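Let the hints inform the model, and build the full structure from the sequences given.
Take a look at the letters that make up each chain.
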Amino acid sequence: MTINLSTFLPLAEITPSKLLDVNWIDYLVLLIYFGFVIGIGYVLKKQIHGTKDFFESGKSLPSWICALGFIGANLGAQEVMGMAASGAKYGIMTAHFYWIGAIPAMVFVGIFMMPFYYGSKARSVPEFLRFRFDEKTCAFNAISFAVMTIFSSGISMFALAKLLEVLIGWNFHLSIMISGVIVLAYIFMGGLTSAIYNEVIQFFLIVLGFIPLSFLAIKKVGGWSGLVTKLNEIAATNGFQAGSYTSTWKYTDLPSHNAMGMEWVGIAMGLGFVVSFGYWCTDFLVVQRAMAAESMSASRRTPIIAAIPKMLIPFIIIIPGMIALALANTAGSGFELPKNAEGIDYNMTVPYLLAHFLPNGMLGLGLTAMMASFMSGMAGNVTAFNTVWTYDIYQSYIKKGASDEHYLWMGKMATVFGIVFSMGAAYVAAQFSNIMDMLQLIFAFVNSPLLATFLLGMFWKRGNGHGAFFGLLSGTTAAALHHGLSLPVGCAWGFKGGWLAHPIGVAPMHLYPSEMAQNFWTAIWAFGTCLTVTIVVSVLTRRNKQDAQLVGLVYSLTEKPKEDSSAWYKHPMALGIVVLAAAACLNGLFW
Amino acid sequence: MNLDIKVPMGWFFLITGLIIAGYGEFIADPIIYQQRSLGYNVNLYWGIVLAIFGAGCLFFRNKGNAEK
Numbered sequence: 006m007t008i009n010l011s012t013f014l015p016l017a018e019i020t021p022s023k024l025l026d027v028n029w030i031d032y033l034v035l036l037i038y039f040g041f042v043i044g045i046g047y048v049l050k051k052q053i054h055g056t057k058d059f060f061e062s063g064k065s066l067p068s069w070i071c072a073l074g075f076i077g078a079n080l081g082a083q084e085v086m087g088m089a090a091s092g093a094k095y096g097i098m099t100a101h102f103y104w105i106g107a108i109p110a111m112v113f114v115g116i117f118m119m120p121f122y123y124g125s126k127a128r129s130v131p132e133f134l135r136f137r138f139d140e141k142t143c144a145f146n147a148i149s150f151a152v153m154t155i156f157s158s159g160i161s162m163f164a165l166a167k168l169l170e171v172l173i174g175w176n177f178h179l180s181i182m183i184s185g186v187i188v189l190a191y192i193f194m195g196g197l198t199s200a201i202y203n204e205v206i207q208f209f210l211i212v213l214g215f216i217p218l219s220f221l222a223i224k225k226v227g228g229w230s231g232l233v234t235k236l237n238e239i240a241a242t243n244g245f246q247a248g249s250y251t252s253t254w255k256y257t258d259l260p261s262h263n264a265m266g267m268e269w270v271g272i273a274m275g276l277g278f279v280v281s282f283g284y285w286c287t288d289f290l291v292v293q294r295a296m297a298a299e300s301m302s303a304s305r306r307t308p309i310i311a312a313i314p315k316m317l318i319p320f321i322i323i324i325p326g327m328i329a330l331a332l333a334n335t336a337g338s339g340f341e342l343p344k345n346a347e348g349i350d351y352n353m354t355v356p357y358l359l360a361h362f363l364p365n366g367m368l369g370l371g372l373t374a375m376m377a378s379f380m381s382g383m384a385g386n387v388t389a390f391n392t393v394w395t396y397d398i399y400q401s402y403i404k405k406g407a408s409d410e411h412y413l414w415m416g417k418m419a420t421v422f423g424i425v426f427s428m429g430a431a432y433v434a435a436q437f438s439n440i441m442d443m444l445q446l447i448f449a450f451v452n453s454p455l456l457a458t459f460l461l462g463m464f465w466k467r468g469n470g471h472g473a474f475f476g477l478l479s480g481t482t483a484a485a486l487h488h489g490l491s492l493p494v495g496c497a498w499g500f501k502g503g504w505l506a507h508p509i510g511v512a513p514m515h516l517y518p519s520e521m522a523q524n525f526w527t528a529i530w531a532f533g534t535c536l537t538v539t540i541v542v543s544v545l546t547r548r549n550k551q552d553a554q555l556v557g558l559v560y561s562l563t564e565k566p567k568e569d570s571s572a573w574y575k576h577p578m579a580l581g582i583v584v585l586a587a588a589a590c591l592n593g594l595f596w
Numbered sequence: 002m003n004l005d006i007k008v009p010m011g012w013f014f015l016i017t018g019l020i021i022a023g024y025g026e027f028i029a030d031p032i033i034y035q036q037r038s039l040g041y042n043v044n045l046y047w048g049i050v051l052a053i054f055g056a057g058c059l060f061f062r063n064k065g066n067a068e069k
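In order, the protein sequence lines correspond to chains A and B. Counting in the working numbering, the first sequence runs from 6 upward without gaps. Counting in the working numbering, the second sequence runs from 2 upward without gaps.
Among these hints, one or two may not hold up.
Computed cross-link-like contacts, DSSO-like style, restricted to lysine-lysine with a CA-CA straight-line distance of at most 27 Å [said to hold, decoys possible]:
#, chain 1, residue 1, chain 2, residue 2
1, A, Lys-550, B, Lys-7
2, A, Lys-404, A, Lys-50
3, A, Lys-64, B, Lys-7
4, A, Lys-64, A, Lys-404
5, A, Lys-51, B, Lys-7
6, A, Lys-57, B, Lys-7
Just a few of them, taken from the derived set where beta-carbon distance is under 7 Å, the chain B residues facing chain A [to be verified]:
#, residue
7, Gly-25
8, Phe-27
9, Ile-32
10, Ile-33
No wet-lab data here; the hints were simulated from the structure. Just so you know, these numbers come straight off a predicted model, no measurement behind them. All residues carry an ideal CB built from backbone N, CA and C; glycine is no exception.
Shown next as structure tokens:
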């Protein structure tokens, strides 16, 4: 979600050479995986009879499959490699992206927001905005989202191809073609169901591929106590409080006390509220998985069930990253963190760990898990793109009133040109390294104000179309202004910030201790501005929809959903409380 | 959807697990375990775990069908 995509930039600067010594057994595992992925699409092809099957899985999937698809779509390679990199760089504080930066938002979307998404019969997030507000708000979101998905998919493709070139010496162009064709094949045949099924397999692949790596790494470092001892030494050497690498909250009183350069207010408000709720509650890529569930109840349980494995992911991804840091600073361990022209290249932590600990055979499984996560990142974006394109752009503005068969054809064509555009975006990313920074910025600019729009839309019936549209525009503008007038310490002006202040010869209005701090505060400014402007404009202009038109879209006007089971563990509220309590325990355990 | 996800998932992990375990036990040079995985034949042990997981998926799929 908030991984800095620029972390992949150094890949472009690495001199291609084979890092992993793969042999036939590793390729065999990879081939078997490819066979199953395409086979799933082929089998599902016979069950696709219309747009509802293709774009919405026929609204027929049980909650556990949607939940694993929900988390699998998010567990892309940027997350796997980025979080391990962040673990090596910042320590266990990276777990904030899970225990406060994901779990509360996932519970919230399940309990409070899914009833509106699912109950409104909207087929996409932009369509919900059309129902709730108006056409222009829908169009704004549909177009910005479609562009973002293509670039995200392209960047996944670029990163995969670059990684394969570095790790196993594959040709860059061939990798782009192979990954594009495989993803195209299984989505074209099986639509959203095919993507979700493959995300489920990918989830288990990552978990089962990384558990042995975590086990071997923690054993080598001398167990948890050995890791803590070593990281305390490293923290002291680096000028931070001893214990700051292994504590989540204890050293967040001042930014200078921890490697992340964050204080607790920024973490709680920026990450814990605006950034995480903005992503999990409004991003169609993940919400689409919950909307594919077989019932309202199942759709509400989807994100909450997904929160259970989500809170355990740090143990197999972040902790190995921390171990990598410890081992790299242990004489005689034989492990070194990768380096590039700028110093340590934390992004390559996972491949280096794989190369260090896994023999051929298991290495193939680890490599397959990484490839699966890249491809599922692409597939998630492409399925979201083809849905938004067909329903919210093509059907709404280009060809209204055509047959369902025609829109199914359009959806399949959208899959083809979505993949082709993604390939183009991959080459753009290869040419302009800063495009990743830019995309990350656009995400921050678009998602954070959107949260304010949704919260006001769902919980304040007075909010209207003009308010939502101008709120979104001003929120995005505020994010841009804040970013252009501030700068993280040690960064040059440009994509990192300061691009408004520098050209007119003034110093940045505020210097942040880290890029992450700047990102969180940008999100807070965007959210606050959108919230304020939406309220003010809505109050000053007339309502465009009356109460009767807002039933099923606004909390106070909608009948509360009834549960289809009396079992407590199937009740979203009860399940949500248990999940939040578990997340609180993890925060306490690593305080 | 009529395709139960437990079927492809079960077969994938069963086949992959058996191949990795077989490779670890019969084909791989044991020296790789000294060099990489702290002396553990991680291919054999984890291959078996993968195969059991795959078989479990298939078992629960069949059990679900029988109950229907």
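Against the structure, the hints come out as follows:
1. A:Lys-550 <-> B:Lys-7: Between A:Lys-550 and B:Lys-7 the Cα gap is close to 46 Å, so the pair fails against 27 Å, i.e. violated.
2. A:Lys-404 <-> A:Lys-50: holds (25 Å)
3. A:Lys-64 <-> B:Lys-7: With a Cα-Cα distance of about 19 Å, the restraint between A:Lys-64 and B:Lys-7 holds, given a limit of 27 Å.
4. A:Lys-64 <-> A:Lys-404: At roughly 25 Å apart (the allowed maximum being 27 Å), A:Lys-404 and A:Lys-64 satisfy the hint.
5. A:Lys-51 <-> B:Lys-7: Holds, at about 18 Å.
6. A:Lys-57 <-> B:Lys-7: holds (23 Å)
7. Gly-25: B:Gly-25 check passes; min Cβ-Cβ to chain A is 6 Å, inside 7 Å.
8. Phe-27: Because about 11 Å separates B:Phe-27 from the closest Cβ in chain A, which is outside the 7 Å limit, the hint is violated.
9. Ile-32: violated (9 Å)
10. Ile-33: holds (4 Å)
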